[in-house]
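Top line first, the protein sequences correspond to chains S and R. Anchor point for the first sequence: position 15 equals 15 in our numbering, and the numbering is continuous, going up by one each time. Anchor point for the second sequence: position 657 equals 657 in our numbering, and the numbering is continuous, going up by one each time.
What the hints contain is simulated information worked out from the structure, not anything from laboratory work. Worth double-checking, as some hints may not be accurate.
Said to hold, decoys possible - In the EDC-like style, the derived pairs of lysine to aspartate or glutamate whose C-alpha atoms are separated by at most 20 Å in a straight line are: (1) R:K165 - S:D30; (2) S:K25 - R:D702; (3) R:K864 - S:E37; (4) S:K54 - R:D809; (5) R:K439 - S:E78; (6) R:K864 - S:D30; (7) R:K864 - S:E32; (8) R:K165 - S:D61; (9) R:K862 - S:E78; (10) R:K862 - S:E31; (11) R:K595 - S:D61; (12) R:K867 - S:E17; (13) R:K659 - S:E31; (14) R:K659 - S:D30; (15) R:K755 - R:D809.
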Amino acid sequence: MALTITCPVCGKRDGYEFRYGGEDKGPRPDEEGLTPENWCDYVHMNDCVAGIQKEWWYHRDGCGVWFSTHRDTTTNLEISDSEVK
Amino acid sequence: MMNRLKNLPTLRVNTSEKVSVTYRGKQYEGFKGDTVASLLYANGIRIFGRSLKYHRPRGLYSLDGECSNTCMQIDDIPNERAENIPARDGMNIREQNVKGSAEKDMMGFIDKLDWAMPAGFYYHTMHRPAKMWPVAMKQIRKAAGLGTLNQNFNRHERFDEIFPKTEVCVIGGGPAGMAAALEAADKGVRVILLESRPWLGGFYEYRTSVDESGNFLYSKARTLAEKVEAHPDIRVFKHTFMVGAYNNNLITAFQRGGETESFHERYIEIRAQSVVVATGCIERPLIFENNERPGVMQAGCAHRLCRTYGILPGKAAVFSIGHDTGLEAAVDLFDMGLKIACIADLREDGQDPELLEKVKGRKIPYYPGRVATEALGKKRVTGVKVGTIDGTVEETYTCDLVVASAGFTPVTGPITINQGKLKFDEHTGFFLPSVLPDKTHVAGRINGLGNPASIEASGKLAGLRAAAECGKDLTGEIDEAQGELNDLPGPQRGSKFVTGPVSGRKSYICFDEDTTIKNIKQAIRKGFDVPELIKRYTSAGTGPGQGGIPGHNLPLFTAKFKAEENEKIRPTNQRPPLVPLFLSTYAGTNHDMAKRTPMHDRQKKDGGIFRRLGVWRRARYFSNDFSCRKEIENVRNNVGILDGSTLGKFRIHGPDALKALQRVYISNMEKVKQGRVKYTAMCNDDGCVIDDGVITKLAENDYFFTTSTGRAGSTVEWIRYHTRFDGWDFNLVNLTDALGVINLSGPNSRKVIEKVTDQDISDQALPFSGVKEYTISDDIPVTVMRLGFVGELSYELHVPSSYMESAWDLLLEAGKEFHIKNFGVEAQNVLRMEKGHVILGQESEQRTNLTDINMGFLWYRKKKEAKTVGNVALEQTVNDTGRLKLVGIKMKDPSRAPGDGCVIVDDTRVRGYVCTIRKSFSVEGVIGMALVEQPLAKNGTTVFVYEDECKGNLSEAQVVPMPFYDPEGKRMKA
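So that you can see chain R by itself, here it is in the shape it has in the complex (with noise of 0.2 Å):
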């Protein structure tokens, strides 16, 4: 490992704690607290990876991950930025877009065909002939690409979300965020804080500068950072990355966890009244030839790889800089024992005298108006042209690192995708807000301000402006504060200069897209003119780096190139995510909700087979035997039990309660009597059946019903809604969780109810279609209803759920000498196939009226006034010829059924589909329901069913009546 320097005061690494990482299949040390790349970069590493067009090196830039630079594959993952990801033992690094190494690529002669991509040339080159495209497509994503997917990849980490609310919500926790959050939360509002760095402190926690009191910055920066994170009205959120920002002041953002936090990354949505940005600055990168070599970098990531990591970046070093900031890291980098060959600084004028003078003191040759225009070195940097900006003067300097940037540029991605808008700012150079979102303040560095004491100054009163509109009569102090930073020094000078005199052929404006100055005025000629149009033709700014890079030097660059107006100029729109995350972290915690029934230990004890049914988990199959002939048979010749707890319950009563029926049901809800059950069903105002289910009355003008597993989440919403505006008095309850539901079916049936219960269960105290109420074992309270979907005498018991446990051994108790079994929904669904009963969803679609099921008998015409639901649609459609309708179909074949689903054809198209098809067990051959063309729905007609890879062998059925098994229902009604 390199010489780390240690005792700095401003360190973020542990250098007592090591850390072991993998790369390239050699181990590496470094430091707790170390990033991969700071870590790799102490160990010598200067290539991470080459870039998606040219294969040309690349190194570290920036350390805020703006570009793809040092976009590494760590644990199997593609694209993680290694500036942005803290080590951690064990993790495997590989390079990405190399064949080869990062050193050696064999893809690196790329670089020099750059004359034969010029912009635009996918466009231009690739489509002819046509044929050719797929082949150089190939060819072409082979050698571009970011990472390599590993196909067995699994996640194990774990994601989580969370959606706090708060009053005020501060991007960024430097100097200004942080003022802002202690002024706001001091003043009594809720603060949520986030910092994208693990720490907070921004711009002044690796700065050994004075502010005009004597104190060190980053000693200021952790004064501060204590008493925000131990304030009890702000919440901090740190290594958090804002993506987002929406009308209402909804921010989005993502946090990576810590080695002791429980989550990999967690989605936060915040909804705040207010929002304060002080995201501050990012350096505007200065472009000129061979700008992104490995060794070139920008003046903050130099100087916080030294105060931060403690890692020098170079030995020799080339400054050229366009701001204090710049000088100040030359001093201090000077200071720690790095030799500086020059600092060009592109400004003439406007020093800081002081940071001159310090300049002067130490030896170090400075140039005013000058800049680098080209660094030297084929894979890193070995040295540095430095010339005036009129290109008068060039010359050469040999270094092992060129510190470059042409000055600030503000993070204004938060405030323009909430719709706000920029205007570029002679003084400033920069694009700073001239419409903001609504109750949005900026503060700090974003506004163009440099010294301390007005960045904090302007957090304060961003914090006010922020606490005052969440209803804090703040007047006076806000007043005071405005004051108090309007005698503070004003925001610093700066200039629109991105570039000196370069040809541009190898200088980048996007690193990501290896997008060069060359490029951009290729695009400009062709008449793309515009940066949103040059962004889209030379792909600039379009990488993982989301324009980071050329976002605002791309306008820059084009106006200067166009001698444009500043008025004129626009910064290309920034969309979220303002940073990438995974989509495992917008999916959240991902769990698999899903209701069990209250007897869904019992079935799974039983052997039951649990499939997913809508938000239900319910048993399918009791057996391995998927046609569940064992159980499809033990309910025609014994008794079987079923769990229909997933049955939609409700009970509605009030005055109106029948009017409400009368508007959702499509039969004649007056006819429903106490005692009885009716079977009806609900339209939908094309007249398309939405659900069935049975009615009875308790008592006057209340009832019950039921609905199909399916609907009970949404009946409450539909009787409301298609009631609103009729100001009806009526309750509705929803009972579905509050009861369960055991269907007893099969000969025995009644057997097994009369040995729990001493009331008469007869067939004349308890006819088809009758309703009781039942006490089982003297205590159960149970209401028993006589139906018959499966075919069979059969019991539906609505018990009390707390009870369905006891409710259901007593029965299994009981029916032991009559072979009672389970059966699954499966078992439920062959047999009621085969009496030719419905399950909407299954014998319907979108399309499938009422008539269209043969369900006709159910609609009561004469209810005009009541305005039934489905009703007009009904009486419009009912004479349509074009309708699919629903048959009985029996294969000829049989031995075996198709899947449900299946298309049913002719020889030129489609004419139905098969609904539900099964071998059955009770009647002879293979039968099933379909939906089929009204031509085709008379009984004897052959139809042929298309299977999936039949490859046009059709299968012959015939149209048959229905139902299949005991026409006449005897055996239901028995």
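Looking at chain S on its own, in the form it has when it is part of the complex (with noise of 0.2 Å):
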């Protein structure tokens, strides 16, 4: 996998080691006066930016943190550090 992932806790290390977490959407909203359809927009619907975007991920065979990061979805590189420190 040619992608590369900055870690907050090892670094960078290979995309191999991490496992995707999807867009950022922000914290699980209130349950309190959910439509069925705000609930499966906040679930399943997504932003599919061409560029960059802010994404989770999860450093599987490593330490085992979740961590926030920038890819421009275009060239799929990281853009910056990731967010965490």
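Dock chain to chain to rebuild the complex, using the hints, since each chain is given by itself in its own frame.
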């Protein structure tokens, strides 16, 4: 896998070691007053940006941390170090 | 064997060590170091196979595997390039795509039918009438093919894979690549060097001309190679083909193993910080009538046959060349004994005067401005027509060898597959890189350089630049190296000439796919007028050679034919793999990696039959009776022992542990108490149930829980994912491998445990759903949970892994008098099914939610503030009617069970499916569980099971209440 991801704990590592956790959509919404549509949007709908996207990664074969990072989806390159320090 | 030239300083064959192979049932001898192709060529074999479409004879052309000409079947493996495969003793070699032999191919007549097969005939003619297509296709496939597959073939070789990291990766082990590698490594960065031939040296390797200091190029190559191989910071991979380049400079390659290596081929994936591409050039194929007739070969091929393998390629030759190295080859081959009828040089001027002097001195007829127009001879070359470029003069020569080459073509694949861009360069006649991939440098002949000093200087510069990108401060040295290079001769002149004045009917631009100049013209006339379209319409460049032969010739010819401006010419895209390799090589070592429980060997000894289950191998049966009747009955009547170590086991503790549990578990986790286990489940955000298990409280904010076998690997990830925004403070420890689990089930199970511990294990001390610490045999700490998965009095013992065998032995010994016996996963499966207990994944699928499998009782709806995963979706779907529901079913025919997974149907459609079904020994009949549409879920409904190959005879079943066995649960609570 050509992708490299920068883990806030372990540094820049091969993409093989990570699991993708999807686009960053913010915290879970409050349950009060949620419509099925709103809920479905939160769970299933994605922006699918062609460009820079904030997203979640899990260092599965490493330290086991979830963190967010920015990636350019058109080049499949991480554009800066991960956010969580 | 033909007379081989011996004692040449450039030889790569060991003339004292013989190798013997079989070709068409006959033995042929060659030397150690020979490729299959050179060995056969030395034995007088000229026709290596027949072409794909027209069954034209094909022979040795380039020696580097750029076309399928030397594709042969070697030891039952088709499409091996004989020119790249080292000959080994005992190899069995056959030609491909022939009916008869390569010499006498009964399909050879097709060559005359080319008029009936214009470009794109496949698309135009074969589809009408549509019924004819299968017939036509069969015949075409029979006539056109590359080797035959042995259906019983099994690979026995070993494949390997490595994933090295490096600072600089140099592609190409010629003078430029070696100079770059040495320069970078001397600056203190690690270097990996890839070379496709089995030795370093590249363009210098076989040449006896001298550089300005009077050193032979070949000896210079060897000095450089020694330095490179001795350098501690350079890792050299020879006989290694680069196949892919990706962003972040990930380079993939594969290496052929030598006779002493442990692998046949190995996949290499290199993570480099910067890359130097020093791939050099291949020769630009010259296109004329019958330009692929055996006996026609490129200058480098002829030269290397002689210098590297000691084979004089023919007796009398005609050269039609377009560059100085062609002249150099002619002079050198002449000196080695080759008669040369004439040299036609397509250049009018610009030749190296020294070389011209040498040609003159040897009285070789030399004609500038002329080019070969047609090779003569039916199966191999017997002569050649040579004419002026404008077609006004034409002369015929008798010869058995035509050395033909239009110039050089840079090997740009490694740049373009990594999104680099090329631009046509007027001066060199090359497509030169105009946009390079990030942190990539080019060096050597790929830039059009020809002078040895310039080639090495450009390598040095690229090496410095690459090292600088790895954090070395080399500004001054780079400027110096740049200056040095600027003072040396620059890129050599070239042209875009690829073909003389020919009709093109038998002038091949692509050998692999039998595409002629005429075909290209046909495509252009049809409107497919740019190289990418021509490639698809005529299939030029889509063969095994990956565009090696037509790669740059196609755009050059198209531009000339359309009189297009050079600005607009673009070569077709190349894609990885640049060199074909086995899928087995990509697959690598292919271990069947499975985890073993601490009891693996013991169970194996006890006759366990193992099956793969997720990441584990587990004992599924303990006899060849796969109904497991004895195992089941022993659990129901006596006591059985099962290794449940694969169960996921976790501890969660910390101030926010309970909050995390409330988030992921569907029940009210505040109710979890010390000394008691609680059965509960996890859902996903769709309310679909993904895991079940038990949980107990160890202390305040400290819990122990189990998950199903399949979820053990992803539970930490899951819990952390769903709490990632909250910043909660808790620790999660995966104890799956630290603890083993022994499941003791059956009416006698309590008696067994009583014998190994002094502590009280009566129903009062440890009631159903209780959990307690015990010490067995005064030594082994064990957590005992009283559960009832199989529906009997049952204990789950969590034992430290290192104590598992001892604990197991003690229990077996204690259980002897109570008839303790192993039972496997299949017996457990039947036992729990009779009890109506589900296994997630078996009684559920992706769409199955908690209420569908009658587990709604676990769901605690009043913890909205916990934002429990699955709660929202469950609330929203609780009144849905269109869902599959889990029911018990009983077959009308009590003698035989249909298979798991059979669908339940009515007259028109599928209404559900059978999850698990077995002939029961504990209760009457064939019983099981099924997921069916809600209207069928009422007790007493008759449903119909469709089995594979039932030919429409549906089996009848009835929906019945569950559990089937011990509905009141008296036995497990006994």
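| query | Are there hints from earlier that the structure breaks, and if so, what are their numbers? | reply | When the structure is compared with the hints, numbers 1, 2, 4, 9, 12 turn out to be violated.
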